[in-house]
Amino acid sequence: MHNSLKHNWRYTMTTSPESEHPIKAYGYAARDTSGSLSPLTFSRRATGEKDVRFKVLYCGICHSDLHLIKNDWGFTKYPVTPGHEIVGVVTEVGSKVEKFKIGEIVGVGYLVGSCRSCQNCVSDYEQYCPTYVSTSGFTYFDGTQTYGGYSDHMVSDEHFVLRWPENLPLDAGAPLLCAGITTYSPLRYYGLDKPGMKVGVVGLGGLGHVAVKMAKAFGAEVTVFSTSTAKKQEAIEGLKADHFINSKDEQQMQAARGTLDGFIDTVSAIHPISPLLSTLTTNGKLILLGIPEKPLELSAASLVLGRKTVAGSNVGGIKETQEMLDFAAEHGITADVEVIPIDYVNTAMERLLKSDVKYRFVIDVANSLKAE
Amino acid sequence: MGSSPETEHPVKALGYAARDSSGVLSPINFSRRETGDEDVRFKVLYCGVCHSDLHSVKNDWLNAKYPMIPGHEIVGVVTEVGSKVKKVKVGDKVGVGCMVGSCRSCDQCDADQEQYCSNLVQTYNSHADVTYGGYSDHMVCNEHFIISWPENLPLDGGAPLLCAGITVYSPMRYYGLDKPGMHVGVVGLGGLGHVGVMFLKAFGVKVTVISTNPNKKEEAVGKLGADSFLVSRDQQQMQAAVGTMDGIIDTVSADHPLTPLISLLKPNGKLVLVGAPTKPHELPAFPLLFGRKLVGGSLIGGIKETQEMIDFAAKHKITAAIELIPIDYINTAMERLQKSDVRYRFVIDVANTLKST
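Residue numbers (the working numbering), protein chains in the order written: chain A, 1 to 372; chain B, 1001 to 1357.
A portion of the hints provided could be inaccurate.
[As the list claims (entries may be wrong)] With a straight-line Cα cutoff of 20 angstroms, these simulated EDC-like cross-link-like pairs (lysine to aspartate or glutamate) come out:
| id | chain 1 | residue 1 | chain 2 | residue 2 |
| --- | --- | --- | --- | --- |
| 1 | A | Lys-216 | A | Asp-249 |
| 2 | A | Lys-216 | A | Glu-237 |
| 3 | B | Lys-1279 | A | Glu-297 |
| 4 | A | Lys-24 | A | Asp-124 |
| 5 | B | Lys-1086 | B | Asp-1037 |
| 6 | B | Lys-1065 | B | Asp-1020 |
| 7 | B | Lys-1266 | A | Asp-124 |
| 8 | A | Lys-194 | B | Asp-1107 |
| 9 | B | Lys-1217 | B | Asp-1341 |
| 10 | A | Lys-294 | B | Glu-1282 |
[To be verified] These stretches of chain B come out as covered by chain A in the derived footprint (C-beta under 8 angstroms, 3 or more residues):
| id | segment |
| --- | --- |
| 11 | 1256-1269 |
| 12 | 1275-1287 |
| 13 | 1291-1299 |
Don't read these hints as lab results, they were simulated from the structure. We put the CB at the ideal spot given by N, CA and C, even for glycine.
Construct the complete structure from the given sequences, taking the supplied hints into account.
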């Protein structure tokens, strides 16, 4: 397992979530691998000089939250409060905070800490820092566990707080903090953001539907691939994709051979990638964003013949997350969301497991999470 | 069906061919076209023996057409040029690599990447046109696909660069693994790998050779100039090298795991595959996502960059480490190549040993 996940097992056993910090907090947490979420009283640190404290308004539910609460990746420490697509309003700032003031709307995504000095941090790629700290379920620099956005308020180092653009809806914009940056970053890094490029997207879920919108905003010609023809209308009319291909149809797949500059693969189940690689033109790039549990099968010839690449990407750095939010505000990009009260969260998780959501649940935290 | 290799063209030629998938090569009389307006005709002096020749004669890739005359690392001297030829003249030394034709008008050809043209004509065993390679007395080739041979580049030691050289040079440039100070690994110390080490050193790159065979360390570090050597089956050595490389050039064509190689890469690192094992690899998604790493492929190189590579090799005095053989040794050479028993390329001394019978 990647080092940055393994290093977070320094769990303190002498204090409880409720007593380890001075400020009371409450949220929803999973207590065991059933993943069932229920109210939890815990605590957060006092506002340090560089910290921003904010009341949580909305929090998106990412599929990774589901993996985390069920301990699918084997590193979860219970109780765990998920949530890393968080939008809120600032209630307090530390004495050295320069970028934010009380009353401002802010966002926090997947990252709340990094070493700030390695090559990756210095290059604004904090997500590739070997000691990055994620918003939920990771060990922070003070040795305590991080609790995410399914909670009443949060406190975060200023560096990792995003300024919320004026005209970006709070609820429908929250998922951009993970799904948005996760698709925006590789489109830029791998050069698939030039107008006229032909980009494929497979997997029409939280990531996939935002990928279509981002790619369209960059001026790409977008083809959605799906095993389900029922998604065609959604893809074309709802998301404004240019084309739709049924990946089970041999003829359609044959016609698509060698046509795409890039392919965004958001599928997290095991699936064959050779058919996806065959749709790429010479120098084409297959970008993996989903994390299947087992390795995929790769034939070397499918890369050698055509100088193709298969690559991965994970969220994005803070600077580019801000850039992405501003881009989304400018282009009117939001996620398609179903807003829910927090006590619906377990049902939401069950539905998410069956991909029964168009396309992200967002918890209306401020209006539905009450202290007990 | 009325013509045979011997009669299909007007000019007599002599070579060695495989007749079936045993891969055994023996003399053949065949024929080549006359020198067209844009053609260059040359006497073959030397021809390298590439591992692909072995795969091809044995029909490993299931596309063999027999009789097959292999050889795509060919150096010779010009004997005749067509009326429109400008690049070379009679008496010049020239090279021909893996390609002798392409459509010359698609996006790939326009970008000087003829090897990705869907109508590529390979130097031997091409699917559309029948072509015969460099295990032969002479060749005729369109000017565009002729490489001018630099004065000071040895003909015999330089011949393997026409395939092995360009195959490693091209991806080093394309994937940006040619910057001074970078750290790049080379997996497999054979025909491709040993040339790869030399090119990387010439780029100012720090090189680690990764091999299953600890006996190659002395060669790698002592002779080829690699900075360090990793035995891939040694867990401790591999663990110590985790996250240290900007890129890796993987030349191995036997089945082998990619996951340990991916772990050697720094974030944003690149694993480049130039060998093509027959069985699929296992590709773990996790390290690609959490380190933004990539796995990419590459196939030889375009003509323009092959010329660039040859000129670069001449300037930096890079030649392959070769064992020069007479053409009648070729079958033994193939058997030894199968067992990787060569340091590191056989080169056939064609002009001095291929005689008409």
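Notebook entry, point to check: Which earlier hints turn out false for this structure, listed by number in ascending order?
Noted result: The structure breaks hints 1, 4; every other hint is satisfied.
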